[in-house]
Each structure stands twice: as structure tokens, then as C-alpha cells.
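Visitor: Fit chain B to the supplied structure of chain A, relying on the hints for placement.
Residue numbers (the working numbering), protein chains in the order written: chain A, 4 to 221; chain B, 5 to 219.
No wet-lab data here; the hints were simulated from the structure.
So the derived list for chain A, only partly shown, Cβ under 7 Å to chain B, looks like this:
{"no.": "1", "residue": "THR66"}
{"no.": "2", "residue": "LEU69"}
{"no.": "3", "residue": "GLY78"}
{"no.": "4", "residue": "LEU159"}
{"no.": "5", "residue": "PHE187"}
{"no.": "6", "residue": "TYR190"}
Here are a few chain B residues that sit away from chain A, every Cβ distance over 12 Å (derived from the structure):
{"no.": "7", "residue": "LEU26"}
{"no.": "8", "residue": "LEU29"}
{"no.": "9", "residue": "THR91"}
{"no.": "10", "residue": "LEU129"}
{"no.": "11", "residue": "HIS130"}
{"no.": "12", "residue": "GLU134"}
{"no.": "13", "residue": "LEU140"}
{"no.": "14", "residue": "PHE144"}
In this text, a Cβ means the ideal position worked out from N, Cα and C, and glycines have one as well.
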Amino acid sequence: MAFGWLPGAVGDIAHGAATTILLIAVTTLAGTLLSILGAAGRRSGPALLRRAIALYVEVMRNTPFLVQLFFIFFGLPSLGIRLDPILAAMLAMTLNMAAYTIEIVGAGLDAVPQGQTEAALALGLRPRQVFIKIVLPQALKIIYPALTSQIVIMMLESAVVSQIAVRELTYEADMLQARTFRSFETYFVVTLVYLLMSMALRRLLVSGGRRALGAGVS
Amino acid sequence: MIEFTLWDIVRNLLLAARWTVLLSLAAFIGGALVGMAVLFFRIAKNKWSRRIASGYIALFQGTPLLMQLFLMFFGLPMLGLRIEPWTAAVLGLTFFASAYLAEIWRSGVDALPLGQWDAGASLGLHYLQELRLIILPQAFAITRAPTVGFLVQLIKSTALTSIIGFEELVRTSNAINNATFEPFKVYGLVALIFFVLCFPLTQYARRLEQRTPAR
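Just chain A, with the same shape it has in the complex:
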């Protein structure tokens, strides 16, 4: 074991970690938004849309993320859709996460008592207001812990996008070990960085959730 290379590598590791954080930040926002639309569409959309969303969820949940990523990055150009590696990574991560969070958000929507909707309608709110102001905030509060876990899982899964040359943390680790010939030490250090990042992300999400959604969020 030798760590003499480490001081010179701190910059690269930090840069990679920043890209990983960017990826997961974009995925969290876009994925959550998409899953709210998906879960709402699956409950109150037209029959065809409902079936399409159900199919989408099954396909994404039963195939590996790596294959989805390759399909988007290598496969879509033959349909004329050519994406930058980082855009392809963001798209693949968002689509993958949404498939899981559609189910999670849907469970939350189902858990809000029907009386809430009825009461809001009786007060004269329009259906869209009822959904955005009454049902959704309560649903998000219920499913927040599950959503948090899914975001952390997605951050760990993002290591795979190094395979399409997105310069995130794992990609930087690959480059470092090729330069230093210290493979084990390099991956050991980067694994620790991932561990710290996942712990910090979880803590951040819990405290941020408390602030945004009120007490009672664990």
C-alpha cells in the first residue's frame, strides 16, 4: 500500500465528485418531477396513458441500468438522437429513477385519505388545486423516507456512467489508477469518498426534508 500519489490527485477527485453531485442533483429534481406527473397520470389519465406508464415502469425496473445507459448512448443515435455523454447520463438516470419513484409517489397518493380530496372540493377548490395544494404535499411527506433511499441508491448507481466517459468520480478513479499503477489504493480512497458522500447526502436530505415538509419526516 502506498499513498504518495494522493496529494496530487485531490484536485481530480474533487472535480469528479463535483460532477457526480451535479448528476444526482439534476436527476433528483427531474426524476421527482417526472414521477409526480407519472403517478398522477397513472391514476387519473386516459386508459392508454395509464397502460403506457405501467409498461414503462415494468420495462425499466426489470432491465439493468447499464443496459439502459448503453441503449440511450449507443442505440439512440441510429434514430438520429445524438446526445453528449453527460446529457445521456442525466437522461438515463432520470428515466431509471422515475420508474422507481412513480411507484413510490403513487403509494403516497393512495395513502392520503379520500376525505381530504372531498373536503377540498367542497371548499370550492378546482381539481388541479386540490392535487397540488392538498394531496401532493401530504403524499410527499408520507413517502419522503423511501424517496430519500432511492436518491442515495441512484447516486451509488451513477458510478456506472463512467462507462460512457462521463468525467465523474469513478471515471477520475479509472484515470488515476492508470497513471499511478496503484489500482487498489485508488479505488479504496474513491470508495471512501463515495461512502462519505452517501452519508452526507442522506443527512442533507433528511434535514432538508424536515425544513421543507415540516416535522414528522424521518
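Guide: For chain B alone, kept in the frame of chain A given last:
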């Protein structure tokens, strides 16, 4: 240039899928055995034993599987073991699975009423007998759905072993893609094969979940 028919592609992918299936089974069986050991530590009466097991689980659940595979692949040779992609893949996925399975089964043990332990003790059973005859059978029964669900996750995770050079479905598809230049078709077929492997298990897990009586 050699022409590849659709059947050539499908046949080669199916041959490679055998390794994906074999690796999933080996890792699931290995993971169940090691996971049992982790579970024993996790629910032991000794505080330090519980802490160490919690740390082990947190470590595997808090780092990317790809990093775990790299550490296995590059770390074991440093201990003087000659290692091939196959051994690194099986060992890496085994430890990964053991952490998740131990945590799933632990949740089953925790879900049982404490009276079950008391009843076992009052029947004169000692600790291991209590576990074997009373606690574990019930814990396994109520966690059957998440266990099958994890098997699906494990099958999908085998795709990552292509990155450390194990010749399974995804690595073979990369090679085929490089020869045919038909990524849309090749990766579409790979996704289809994974779907055919995973979907019945997902449905089975869903049925188990509905059948489990609510407590």
C-alpha cells in the same frame, strides 16, 4: 466483412445469458450463506457483534457495487491470490448480496413480537434452538417477497461484472455491437433477455406480497 443474421446475434446472446444466470445463482446462494452469518452477528445479544454487523451492512449499502467489484478484482491479488474475472465477480456479488439479505431478514426478525422469544425460552429452548425452530422460520416466511425482489436486483447487478471483464451478457453484447454496428438492435435484445429473466420473478414477488397477511 462477415454478415451477421439476427439469429447469429440472438444465439450468441442466449449463450452468454447462461453465464448471467449461473453468476446470479452462485451469488445468490453464496450471499444467502454469508448473509446468514451476518444475520447471526446482527441479532446477537453482544453489543459489539451487532455494531460490527451493522457497519458491514452500512459499508456495502453505502458504496457503489462497481467500486466493490474493483476492490475485489485489484485487492485480492495483493493478498497473493491469483484472481480471474469469474472469481472476482462471484466473490464481489456474494458479499454485496450478503449485506442486503442480512438486512432484509433482520427486518423480519425485528417484526416478530418479543413474546415469541419469551415463549421459546419458557419452553426451555436455548438460544440456537429458539432461532432455528421459532424465530428464523417466521422471519423468512414474512420476508419472502423482498428476498425475491432482491434476487431481481442481483440479476440486474450482474451486468456490472462486464466492466471487470467477466464474459456475461453485457460484455458479449458489447463485442457483438463492435462487430455489427447495430447498437439499437443488440442492446434492445439484451434488455429483452434481462426482462424475460426478471419479469416473472417480479410478478412472483408481487404475488407473495399480496398473499402475506397484514400484521
